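**Q** Fit chain S to the known structure of chain X by using the hints.
As you go down the protein sequences, you meet chains X and S in turn. Just so you know, we're using this note's numbering here: the first sequence kicks off at 3 and counts up by one. Just so you know, we're using this note's numbering here: the second sequence kicks off at 43 and counts up by one.
Please keep in mind that the hints were generated in silico from the structure rather than gathered at the bench. Don't take each hint at face value.
Said to hold, decoys possible - So the derived label-pair ranges between C-beta atoms look like this:
hint	chain 1	residue 1	chain 2	residue 2	range
1	S	Ala91	X	Val148	32 to 38 angstroms
2	X	Lys198	S	Asp468	49 to 55 angstroms
3	X	Lys153	S	Met491	45 to 51 angstroms
4	X	Ile378	S	Lys503	56 to 62 angstroms
5	S	Ser71	X	Leu432	53 to 59 angstroms
6	X	Ile92	S	Asp437	18 to 24 angstroms
7	S	Asp424	X	Leu230	27 to 33 angstroms
8	X	Ile92	S	Lys503	56 to 62 angstroms
Nothing here was measured: the structure is a model prediction, and the numbers come from that model. By construction, the Cβ of each residue, glycine as well, lies at the ideal position given by its N, Cα and C atoms.
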Amino acid sequence: MRQLFRRKICCLIVPFMAANVLFAQQELTLYFTDNVIQAAALNPSFVPNEKTVVGLPSFVFNYGNNAFTYNDLIKKRADDSTYLDIGNVIPGLGKANIIQTQQNLDLIRLYYRHNNIHFNFHISEKFSTKVAYSSALIDLLWNGNVASINKTLEIGPAVNIHYYREMGFGAAFPVKNIHLGFKLKLLNGIADISTKNHLSSVYTHAQDYTIYLETDYHIRTSGVQNLLNDPLSSSLSFDNNGIALDLGVNYSINEKTNLSASIINLGFINWTSDIKNYKSKGAFTYEGIELNAYFQTDTLSVQALADSVKTIFFPIEDERSYKSNLVPRVYIGLQHELNETSGFGALLFLESVKGLQPAAAVSYQKNWNKRLSTGISWSYKNKKLNNLGLSLSGNFGKLQYFLITDNVINLFVPADAKNINFRFGFNLLLRS
Amino acid sequence: MRRKYIFSYIILLVVFTVACVKDDLSRLSLSNWSPEIAVPLIHSNLKTADFIKKFETGGYLSEDTLNNVVVVYENEYESPTASELFPMDDISLDFTDNAAAVNFFLNDDAILSQMLLDNGLLQFDFSAPVKEDVLLVFTAPQATLNQETFVHEVIVPYEGNEQVSLSASIDLSHLMIHFPQDDKNRNTFHVICEAFTAENGAELPHFDIHAALTDLAFALMTGYLGAMEFGHHSNTMRLDIFDNWVSGTVFFDDPKIKINSWNGFGLPLFLSMDNLQGTNNQSNTMPLSGSLTSEATPLNYPDSTQLGTETKTEIIADTSNSNIVNVLAISPHQIDYELSMQTNIHGNSGEKNFMTADASTRFHIEMDIPLKGRIDYLVYQDTFSLDLGKISRMDSAAFKLDALNTFPVSAAVQIYFATDDYQIIDSLLSPPRNIISAGTTDQSGQVTMPASETNFIPLGKEKIEKLESSRNMIFRIMLLTDGDGLKTVRFTTDNNLEIKLGAITQFNVL
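Next up, chain X with everything else stripped away, as it sits in the complex (with noise of 0.2 angstroms):
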């Protein structure tokens, strides 16, 4: 029986194959989405109008790629079978190319007020991976060594793959008219593996194709194998503890007019369970099988030669913890009421990833009546300024529902996007 899996392959699902962070977690749309609790994770001195609100789990999802889209890598033949046309792909790789996702699932979030104050907790899962890789590497993988004689190509990639679970406490209080306010964030870790040296290069000499070696690699790995063997008792455990620091501060400049900022994943994680640690160091050269030994014994051994490549290049492991970074980010907003139902807002966003990553955001944004908020932004993010963003929240009752996006478009064309971001889930909006 002809077996054909048709498969349903959500462009959601696609990023999961890939890894982090270049392109980060940049929700800006949802910073001037203030109607719904969510936007305090991005700067803790905002908060909600009503005096209690429950989050009920949400999701969100960040995918980015630089350097290719779906529909660049698979193709369809005539018959509907399809094909990776990584010759496609190779001519829009650049010299960095990552894959990057993100999904955070937020558990919980409660806000409660208690005369002024604003307290709040809330417990997310954190997944995030990355692959950082050379377009030498695809290109030698694809094409060949042949067009790269005489140059020293650099194929190691990199990787980022973490896993832990955030649980926040936090407060935001006025002061005059300052509204000040900060989040301090237990870590937990589950599973990590990480890169810290990632150098693999690879020459070919024009004269008699001599190949020379070279790495530097030092991977980092702990949770893994607990993750795999029990993932139950693994993502329950509390091994690998971390910290971190949310803070921000809202200030209205005059009754319509807010400046604010925050800056936000000010922490670490000391990864100390299960490590399992691989070092590769060295450098080979391969001139070719010697003959000598066949003149003497009409044998040819490679056995010599693959001892030799297993020696230098056989990882050295080891148990040792370590510690990993959160990547600080920075958010600075202004936010201008129109009237009573509208406003606009501008939003600059930094990041240090490899050198400091700048997005910036406008928005504008329609409350229709008390059971429907819209809102549109334009951003540049990720070096690209066809960001056209959109926010969706309304209100059945007490619940309410909430789809905060970048970049629409990207939504309804995912095949053909690099980027697509969303958010959605559900709030309780308990007392007013």
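**A** Frame of chain X, contents of chain S only:
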């Protein structure tokens, strides 16, 4: 207002529906993956010793005083020892008138002077019809023990029977026998047996004696030991450097067959080398002619003052006294010979010979081939089974061979691709060509300038497909020394061939 809600629900629904791409990825494949790979295949710095391989037959490489590489093959042979040549059987003593003659026969010519026994027993059965103790006396007038004439007395006790009797043996170790030099008693000595009453010494007129000499082994024999031929030995010396050579000629300048002997026999000894000839892979033979094979060669031997020592003789067959160059010119993969020795071939019975029991002659036979000479289109061929798998995935291949050669010989190479039954279906090079040039030599034949050469060998799709279907590879290399094979060149230990073979190939991975 309700429309607005519906609008927002529709947006949510559309987003999650449209975001799903329906592609059949179950048969996702790669297409057009044809990398072009440059890879080094071979890298070697080969010296003479690497090419002259195997030496499964005891050969080795040496170096002469001019740094020429010398290929040496060698055999060893040791002749039978004197005790093996002259085994001593038991001898019965036939007593007549109380005396028995003992004769040692070596050969028709031998005239023994002395024999020193290493071992020996005189075993006897005695009986006499008397009822008293008897004194039995054995005497060998021509034999001495501790420099005194051999006399041995035995008391035969009376034990109450009808007659007195005894069976016993007498140790003859270290007995020196002096043989009379007259023709009548040549190689003979006598034993006398007498019996007396023990009490009063009266000679018994009648008694019965049966005796024999047993467990005899000599330690030394002297005298004229006669003419004889012994030590026949056939052997083959395998010259594996000539394995797989199929045609052409190689002329060595100064090859030698060296025979060293260490002789312990104290007598004129001659070596005969018969049927010494070379045979090549095509079963062509070339006999060695010259003094070594045409006449027996005398070997030195120890004189009576060098008893127990060996004397060395060196015999050389070279270009001055043989046609050894012609023998090697056929590239013989084996040299056959028969070896034997003759003693006293001049029959001079006045010679005083000696042999100790453990004396022998040892031979070390050596073929020295200094690699100095010339090679005239010598062709080497070897066959390898081949199964390269699915190499037709290769669209093309181009080999690049860099050679830096300090050997004074050029090499033209051809590789044939053949079927299971060795039918040639294609060749690598069309036409075959020199891929390694000879180093330039000076007047002495020594390389003074290396030859550098780069060859590109392309393989098209058609040839690749034939290569895939071939099951045998016939490797053929033709060698020619510098100066078109007419000039004498030298192969030294410094010669080397540095080769680097790389390939660029484009192939379909899938």
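**Q** Run every hint past the structure and note whether it holds.
**A** Tested hints:
About 36 angstroms separates the C-beta atoms of Ala91(S) and Val148(X), a value consistent with the hinted range of 32 to 38 angstroms. At roughly 54 angstroms, the beta-carbon separation of Lys198(X) and Asp468(S) lies within the given 49 to 55 angstroms, and the hint holds. For the pair Lys153(X) and Met491(S), the supplied restraint of 45 to 51 angstroms is violated, since their beta-carbon distance comes to about 35 angstroms. Range check, Ile378(X) to Lys503(S): about 59 angstroms between beta-carbon atoms, so the 56 to 62 angstroms window is met.
For the pair Ser71(S) and Leu432(X), the beta carbons lie near 55 angstroms from each other, so the given range of 53 to 59 angstroms is met. Between Ile92(X) and Asp437(S) the beta carbons are some 19 angstroms apart, a value that agrees with the proposed interval 18 to 24 angstroms. Checking the proposed 27 to 33 angstroms range against Asp424(S) and Leu230(X) shows it is violated: the Cβ atoms sit about 54 angstroms from each other. Here the CB-CB span from Ile92(X) to Lys503(S) is close to 25 angstroms, at odds with the stated 56 to 62 angstroms.
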